[in-house]
Amino acid sequence: MNVINEAGILAISTRMHRLSEQLRKDGALIYKAFGIDFELKWFPVIYTIYQKDLASVVEIANEIGYTHPSTITLLNELEKQELIAWKKDKQDERKRLFMLTTKGKELIEKMKPVWELMSQILGEISDNQNNLLAAINEAEEKIASQSFYQRALQLKNSK
1 MNVINEAGIL AISTRMHRLS EQLRKDGALI YKAFGIDFEL KWFPVIYTIY
51 QKDLASVVEI ANEIGYTHPS TITLLNELEK QELIAWKKDK QDERKRLFML
101 TTKGKELIEK MKPVWELMSQ ILGEISDNQN NLLAAINEAE EKIASQSFYQ
151 RALQLKNSK
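The numbering of the sequence shown is the UniProt record's numbering, which starts it at 1 and goes up by one.
Take every hint as true, because none was put in to throw you off.
Straight-line alpha carbon distances no greater than 20 Å define the calculated EDC-like cross-link-like pairs of lysine to aspartate or glutamate that follow: (1) Lys80 x Glu39; (2) Lys105 x Asp53; (3) Lys112 x Asp53; (4) Lys103 x Asp53; (5) Lys110 x Asp53.
To be clear, the hints were calculated from the coordinates, so they are not data collected in a lab.
Based on the provided sequences and hints, a complete structural model is requested.
Now the structure itself:
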C-alpha cells in the first residue's frame, strides 16, 4: 500500500483523479483499437448533442456541468473536426443551436458498439460490494446541496 492509499478519506480527490486518469487512458486506447479517432474530452459534449439533437451552449454546459468557456472550447474543437455545426435560434438570433453533422452522425454510429462494450466493462468494474456509481451519485447529491467548501466554512465558524 502506498502513502496516498494510507491517507484514507483525506486523499479521496487524488484517488478519484487517479482512477479517472486510468479510465481515460484506457478509454483512449479502446477507441484507438477500434480505429476511432476521438478525444475523450469531447465525449460529454458530443454525447449531449447526440441525445438532444439540437442544443444551445447554455444547455450543453448545464447538462455536462462545465463552465461556459470550457464548453465553448470543446464546441470549437468539435466544429473544427467537422463533427458538429450550428444554426441561429429562430426565437433568439443571438443563440446558436448545435447539431451533429453527417460526419458526426457517422462517427456516433461507429462509436455505439464501442459504447456498449465500454458500458458492459465499466458495469463490471463498478459492480462491487459498494457500487461505485451509486456512491458517486450520492456524493454528488450531497455536494450539490452543500459544497465541500461551504461545509468546511460552516464547521470552522461553529467552533
